[in-house]
Amino acid sequence: MPEPNRQQEYRQVPIHWGLSAHARRLLTLAVAGLVIALLSGRPEFVGVAAPALILLAAWRDDRPGYVLLRTGLAERRTLEGDTSDLLVDLAGQDPFEAELVLEPADTVTAGPAISVPRQAGDAARPAQAGDTAQPAPAGQRVSHVRLPFTALHWGYRPVGHLKIVLRDRYRLTEGTVQVNLPWVDCRPHPAELHSSIVVSKLPSRLGEHPARIIGDGVEFAGVREFVPGDRQRRVNWSATSRLGTLHLNTFAAERTQNVVILADATADVGPAGSTTLDLVLRGAAGAVTRYVTARDRVGLIVFGMRLTWIGPGQGSRHQQRLMELLVASAAGWDRAKGLTRLPKAALPPGSLVLVFSPLLDPRVIEAVRDLRERGFGVVVVDVLSTGPRHDRSRLSGLTGRVWQLEQDAIRFSMKELGVPVVHWNGKDSLDGPLGAFSRRVLAVNR
Amino acid sequence: MRPARTSFVGLVALLAGLTVIFAALPAASGLVPWACLSIAALAALCSVLNLLVQGISALPPVAETVLERWRRYLITGVRSAPWAEVMTVAVLVLEAEHAHQPWHTGVLLIALLGYLLAVHLAETGAAPGTLRAQLPPLAAGIGLAVLAIGAGEVRGLSAGPVATTVRIIAAAAAVTAIGLVVPVWLSKDS
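Chains as they are written, first to last, in my numbering: chain A, 1 to 446; chain B, 1 to 190.
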């Protein structure tokens, strides 16, 4: 069965042959010995040249001009920090030993080089029926190699280059092959989140959250008197015998909720690897994962260079679309755009809106105020953990204090509007800052 | 490029040091021997450093400290020349500056070959077993070297039992060398 992320056809890659560093050193020894012997008239220096010359005489001239190569990724999608494999099928390198090295691109780390011996060994096996969609030419031995790599940062990024070095048995000639590798879709590592925030008024869609209305769920809601038409299996016999009339149990209806994640990609400040944008995306990815797993309808709005969104939906395919939008959205701040009202299509009435933001862009703050005025249940997760750099001068200290006061004022005004603002440092679980809201329902106005 | 194997780097350092010291003995006066000795010592040091910094990136980062900048200059400088080749030539010239001592040249050849093989192992990270294929041609070459060194000794010997013995040893070395070379040539295409 051919693997979906692997090239289906072998391609011929030319080999660039040359002297190995070992051969160059031996050649230097031989030439120096012969020249000194000639100049000085001392025969022992011819002897100095002899071992190197004998070894160089074993030079091979039947070198192949190309190898057959097929590369692919074990997983096209990966999470930042997770290790994946590069799959390489190599044919046509015999009778040379091959060393495969993954030369990683920026923010990618690679595992050690892997050697394929001259003849069939542990790392290589002959091609078999079904190994490839288009097998290598008959008589060619195919070596299957897995080279591990780790993408350290989210984004759609190149893995790097594959370098193959072919060596003969005397290690005098070296053939080099270098090919570009496919790109990997690296998703932000989802923040840990095990609890859910549930809004007070759930829409009438079947789900897994117990609603306030009576329905067909499994969570006990109360006891009431029997009326004709009720199901007999729900009769509460204890209450019936105690009260003398038929009583039955009632259960809470189970409903789903709409959750919209608002990711603020307008700012990207802070130390590399844990900038505000990194934290926003990791937090948003964690929330998406959590609420999709809880079978809620989840939507995403990315507030960046462009306003992009996907309306609420369910299922793993929808989750993949949301994650793709997270990674693909252009971060930055476009001064020309002053959009503060978020699209109605992305915000069903009564939705829970989780905002991940450093609260540095006034447009985002204005958009959050607008959401609250429209009756949505909004919780803001503040990811700002850094401030402007300042030196020891008075003016710099003064500007730093003014900036801090401004930030405090923004957060205070949010709380005054009824929008809770919690801080998340990006390292701990999101259950800590959001735990207070998961123990009770969040009031919304529909 | 991957980092060099530390155990072989130590071996390279040991063999480089021994080779340079052995080539310098007996100490010769004059400008050329001293220049050759200095170059050989510098090249030996740099060849070991070159192996130590193998696999370390020398690309300038966005912001670097003064220490990092000097470290980058050092790495770039160490990688700027083929130091093992420089040391080989300097050591041979230094040897040629000495008085006629063929056995001394023979021992130096063994040390140089050991040094070059150790550099190769450290550089590629290969196991010593990968050199097994090189041993027959190297043995044949060393046999020829013994022959040449023997010829050098013969030139300075007067007639007598010692000279006869040396000539016999040289002839035996020639036979051994030819006996080793022929199988190597026959197995070349295998």
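Any given hint could turn out to be false.
As the list claims (entries may be wrong) - Incomplete in silico selection of chain B near chain A, CB under 10 Å:
id	residue
1	V66
2	L67
3	E68
4	G77
5	A81
6	P82
7	E95
8	P102
9	T105
10	L117
11	P128
12	L138
13	A139
14	G141
15	A151
Just so you know, these hints were derived from the structure itself, not from any lab. C-beta: ideal position from N, C-alpha, C; glycine also.
Each hint tested on the structure:
{"no.": "1", "hint": "V66", "result": "20 Å, violated"}
{"no.": "2", "hint": "L67", "result": "20 Å, violated"}
{"no.": "3", "hint": "E68", "result": "16 Å, violated"}
{"no.": "4", "hint": "G77", "result": "18 Å, violated"}
{"no.": "5", "hint": "A81", "result": "12 Å, violated"}
{"no.": "6", "hint": "P82", "result": "7 Å, holds"}
{"no.": "7", "hint": "E95", "result": "8 Å, holds"}
{"no.": "8", "hint": "P102", "result": "4 Å, holds"}
{"no.": "9", "hint": "T105", "result": "4 Å, holds"}
{"no.": "10", "hint": "L117", "result": "8 Å, holds"}
{"no.": "11", "hint": "P128", "result": "12 Å, violated"}
{"no.": "12", "hint": "L138", "result": "5 Å, holds"}
{"no.": "13", "hint": "A139", "result": "8 Å, holds"}
{"no.": "14", "hint": "G141", "result": "3 Å, holds"}
{"no.": "15", "hint": "A151", "result": "5 Å, holds"}
When the structure is compared with the earlier hints, violations turn up for hints 1, 2, 3, 4, 5, 11 and for no others.
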